[in-house]
Amino acid sequence: MISFDLSPRIAEMKNAIRSLAEQAMRPIAREFDEKEHEEPHEFQNLMWSISGGRAFGSSDDAPNEGKSSGPREGNLGACVTIEELSWGDAGLYLSIPNAGLGGAAVMAAGTAAQKTRFLGRFAEGQPKWGAMAITETHCGSDSAAIQTTAVRDGDDWVLNGTKIYCTSGDRALRSGGFVVVWATVDRTAGRRGIKSFVVESGTPGIKVIKVEDKLGIRASDTAMIVLEDCRIPADNLLGVAEVHQSTEGFKAAMATFDATRPLVAASALGIGQAALDLARQELAQRGVEIRYDRCDAHLSAIERDFLDAEADLQAARLLTWRAGWMMDRGQRNNLEASMAKAKAGLAVTRVTQKCVEILGPIGYSRQLLLEKWMRDAKINDIFEGTQQINMLIVARRILGYSSKELS
Amino acid sequence: MISFDLSPRIAEMKNAIRSLAEQAMRPIAREFDEKEHEEPHEFQNLMWSISGGRAFGSSDDAPNEGKSSGPREGNLGACVTIEELSWGDAGLYLSIPNAGLGGAAVMAAGTAAQKTRFLGRFAEGQPKWGAMAITETHCGSDSAAIQTTAVRDGDDWVLNGTKIYCTSGDRALRSGGFVVVWATVDRTAGRRGIKSFVVESGTPGIKVIKVEDKLGIRASDTAMIVLEDCRIPADNLLGVAEVHQSTEGFKAAMATFDATRPLVAASALGIGQAALDLARQELAQRGVEIRYDRCDAHLSAIERDFLDAEADLQAARLLTWRAGWMMDRGQRNNLEASMAKAKAGLAVTRVTQKCVEILGPIGYSRQLLLEKWMRDAKINDIFEGTQQINMLIVARRILGYSSKELS
Amino acid sequence: MFDLELTDEQKLIRDTIVSFASEKVRPIARECDETGTIPASLQTQAFELGLIHSPLAEAHGGFGEIRSAVTGAIVAEELAFGDLSISLYLLAPRLFAYALIDGGSEEQRARFLPAFGAGPYSASAAVVEPRFDFDTSSFATTARRDGNNWILDGEKCLVPLAAEASAFVVLAATPEGSAAFIVERDRAGLVIGEREKNMGIKALATHPLSLKGVSIPESNRLPDLDLPRWLDHGRVANAAMACGLARGCFEFARDYAKERKAFGVPIAQKQAVAFMLADMAIEVDAIRLLTWEAAWRLDTGLPATTESARASRYAASSTLRVADNALQVLGGHGYIRDYPVELWLRNARGFSTFEGLATV
Amino acid sequence: MFDLELTDEQKLIRDTIVSFASEKVRPIARECDETGTIPASLQTQAFELGLIHSPLAEAHGGFGEIRSAVTGAIVAEELAFGDLSISLYLLAPRLFAYALIDGGSEEQRARFLPAFGAGPYSASAAVVEPRFDFDTSSFATTARRDGNNWILDGEKCLVPLAAEASAFVVLAATPEGSAAFIVERDRAGLVIGEREKNMGIKALATHPLSLKGVSIPESNRLPDLDLPRWLDHGRVANAAMACGLARGCFEFARDYAKERKAFGVPIAQKQAVAFMLADMAIEVDAIRLLTWEAAWRLDTGLPATTESARASRYAASSTLRVADNALQVLGGHGYIRDYPVELWLRNARGFSTFEGLATV
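Protein chains in written order, with the working numbering: chain D, 1 to 407; chain F, 1 to 407; chain G, 1 to 360; chain E, 1 to 360.
Please note that the accuracy of each hint is not assured.
Not the full set, but computed from the structure, chain D residues with beta-carbon under 8 Å of chain F [unchecked claim]: (1) Asp296; (2) Ala301; (3) Ile302.
Hint data in this document are derived by calculation from the structure and do not stem from the laboratory.
In this text, a Cβ means the ideal position worked out from N, Cα and C, and glycines have one as well.
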């Protein structure tokens, strides 16, 4: 039956995370924007201790897995949680130690043994990060064009190549975590040749050569990683042996995104909501209240902009929740995940830009966090599939086209 | 030296046409919207007598051609004139007897002898129309896919095929005018095979089988024309004999659009300006004045919408004037013509839709002409190259791509 | 907890309306628009579907069903997918009936509702006023006390079914705030004006109502109508209809774009067209989710003005964009009346111009 | 008659500024943004170009050139194509100098202008106030008469060159309307606040100015300044700079899109990208034409408030869209600071937040 109620468990979690965001994230948000590349250790340790290393939003966060005490709602829960964390600060959220995208890839494509082997470490010891390295200097959206190679040599794979834009890549390699590296076992085979490999922290031949300076989300590390004859055990290839021969490896890895795109969308929502909340509050302090049940002729330009921005964000939120809810029900959500990501990425870009404008010189100033949120927001239109890539996926799904028919 | 002044000649013409629009067009605009397919004879006769059959905006309207008494400004003048006529009524403007698009094609691609032969009739006798037939049921933007055939048979060409969306096609064939028909002399040759042929009124084998019911511009006739073994003299093929062997025929015909797209844009501007003028006047009557030098925080939503709409239209107007001005100077304006058409088509669509919204139930009512203008406006985003086709042309030009490289 | 699955009953209702809309409504939509008439037989069919009277008390000839705004939104979307004018035509009597069910006195219900239970019955409501700055936050139509009577003065417009309705619910400002009154068609001072001519919803006859010193007894005032709530229901219904219209546009443009070839391939294979269609698909879902959220709040008794106004506003602008883009995808075919898209564009433009016309 | 051809002189000026912007400005823009400083040597070069002092009377060390808003727009576009912050930095002294040329008394000109003719000289203007609803239609900063003096009170922000300027033109409301006053930096009650931190234009040092009972003599009031006209000039300059910034974004994104390959072809061959670039190209030209139109009206003495406000407003929103789309075309590369586009997006967002900062 149609309901927009969050379960008591999720609602409670939402409140708890909101408090955390207010108390542990907001106060240091500006600091770690300005001190780019410095670690918010205290916050990271706190989050490690709270979460027990579980990734917010990786599917191991799903409650009741295999139990019968209630419906699954782990993905929806993750959407709500991540929104709240990003309401606190999106850069700090991305700096939280957990298995991250790398963990999601292991969950999506790994064998049971691999899950145990690679994810177990997140339940113990010091904070750790997992990361995923896909993008290369000359290939972004076009993952099938990856140039990084993996060559079988006896019981090992030997990896060579350069990866860029690897979120948390530096931390993953410094912390005892791992990086999931997409590489081709056969450059002539296109996407059929693309497999994903787990490279653990401490493996010789992998190193970070640059951590990027960015427009926003500066508390998050974005690494450029070089692999030079990086040798890893044969069974660090994610999935069963047969993936070697098929496109299953690529598909499984791509399927990671069906789970993670709603989470990126959720992060976008948090930033957008933060901007709206602040703009409303600042306007209220100046005697401007937003009215909802008026026609345009009775609204000020600012009120109308605010209403439109808020509606856009709420539309994105509901699309995001739907994508998470479908995942929880075990339904394929490839279309809905891309819808949510496309809508939320664009909405948060516009919402934050508009809120800065609404507040004028104050909005543009670094006195408020608002301008930072506008900078943070834009990444959501870019990473884990740009706006354009997600629109392409939506279009293919609604039209029933293959990636060859609509490219 | 940069100037936005209209020459006295154009300014005077503008005023004269505005009076005409107010007195001869506005009063009958609603009538000939409702009586679709009826002829506004009185208006047409008036225009025939005033213009001497010269097409507003065909390049034979350029003053001082070959004389030295001043710079050419015929195209810019036509832009201004057509805007005023369309301010009066775009449907009636399109019903004015003249050589029209067919005449423009003769001017662009015809020999001197052909110009005399086909265009002379517009200086004498009863009102006549010229038309151009390009579109077919299964080819719109893709003119190179034309299926209508022209086969050489002795001293004749024999044409077979069906054409749709031929503006003034019915009137051209009833009035002693002509239709320029695009047909292929070799279906396997793509655009190289496309040539344009003049089919005169009264030629056996050409007939109108349908006049379309439309959303707007209902005073204009939009004909579906069938050619069945329609036989025309060999030298009704526009251009010199060599065009037969090259793509020049196609290119010359396409070049027609460089001249006519700014004129379509100008017509769009007239509709948009009419809507803005009316909205401003209706608002003023209700005590709402538009202020220009205020920030958003001091504007009502309606004022801001109005300002944005007006600015969009003015931007389109200046782009349109530029394209006409370049044509007058003999500069290639393919890029600028498409810029103007794309911008104006979209602007007028939005401006009229917005004005209807601004005036609420009154705007939606057929008591005012405003709702008609919204219906009329949309054609400008479609005919003589849709929005998308014009954006494609702009993109090709700025990127230096061929139509193969960017399709 | 969060759930987007319809109940089995809702699915059944939806499937029934889908059939009705595709078999009875869509096929006649163009003709109705061109002729400006809707066959009255459709009202009989709507009655058989229980569109109006199922929530009436059994004593009044209904089934005593509990109304659900969510179910109402599902029904309205599917009807409007068929045709907006016909959808408004069939649902208009609800404007009157539901106002009485929700806010009428026992006596008022007994006086008017049995007619709805007995068969198709025309009654309507007069909400909109002919002003550019009309909204439901303040009415220019006034009601003042005169002893035991109310005197109503003002101008209304866009009143559906006005030519045949037996009575109207009229919204007016009183010194104590806005209120709703029953005005029978034969009351002195009530003049039903000439049929309005609008750009869209042309199949639906709407009329202006002029009230000049119309005197009605206190017993014609709806004593218990939560007017803001009733208007919220109206906004949700509007948004749901916009969703149906937008979905119609999207599906038509999608199918067309897959069929229509240019430059050797279906135009849907061109990114410029494909992205427009993707945007349309996203917007249809976005409108529906915002609408359902507001509807769900109404059903659960939560405050819903923010959400219903948001859904209605979003739906109005988004549906216009969808319809405009659908026309653009069709190009020339979009502009001629052999295809339905120009009709949908005209109808779509209506949403933001007549807030409050439709309800529940 | 209508003409879009520059004069030979304008072409020469443009070419000079193009060289300067490409050789001296663009190469240091990123470093200036990151460090928050602009080399003072640029001011010397700007002086050599005559950017500020050429319209001064020869007696004041200038060339007595007649100012043209059109030429000014050409210069501002090219400078901002180099970098917005540096452009504002170099042009800021005009805020002061031109106000005196246009509206100062003989005595005021003799007192202040020779310094501009002698070499780089810092003076500025305080226009913007730190309010969300600031615009130039009404100032919260007040000036009231006190005998032969004026007492100024209020808060200003976004004042360029404030740390070094010898004097400011301060705009304030008087009982007779808005007026402009010269306030020397050492006047009692004038406090120059800490350097502001903004999202963009970070290379340019701006400061708030606090005026608390600042007393200045009547002779510091600009007697003949047509303030609305002066503000119109400012809007045109703003719009011209926005055009330069937008053009920079467009050209960079266009070149990138032709180089960058995905799925085997340059991304510029994908309609989604190509259409974004086409839109950017159209917008750049649209901004320029609106700007030139307003500038031409100023030069010919026609009323220009409508046109300059329109150009400025259009430019602000359009440039933001262009910059945002440029970033989108670059994808990940757009988001990192190795590329200039993120800097341009931050700067572009400034236009609608600080109307009135810049003037010819």
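Hints and how they fare:
Look at aspartate 296(D): its Cβ gets to within about 4 Å of chain F, closer than 8 Å, so that hint holds up. Interface hint status for alanine 301(D): upheld, as the beta-carbon distance to the closest one in chain F is roughly 4 Å, under 8 Å. Annotation: interface hint on isoleucine 302(D) holds; nearest CB of chain F at approximately 5 Å, less than 8 Å.
The structure is consistent with each of the numbered hints, conforming to all of them.
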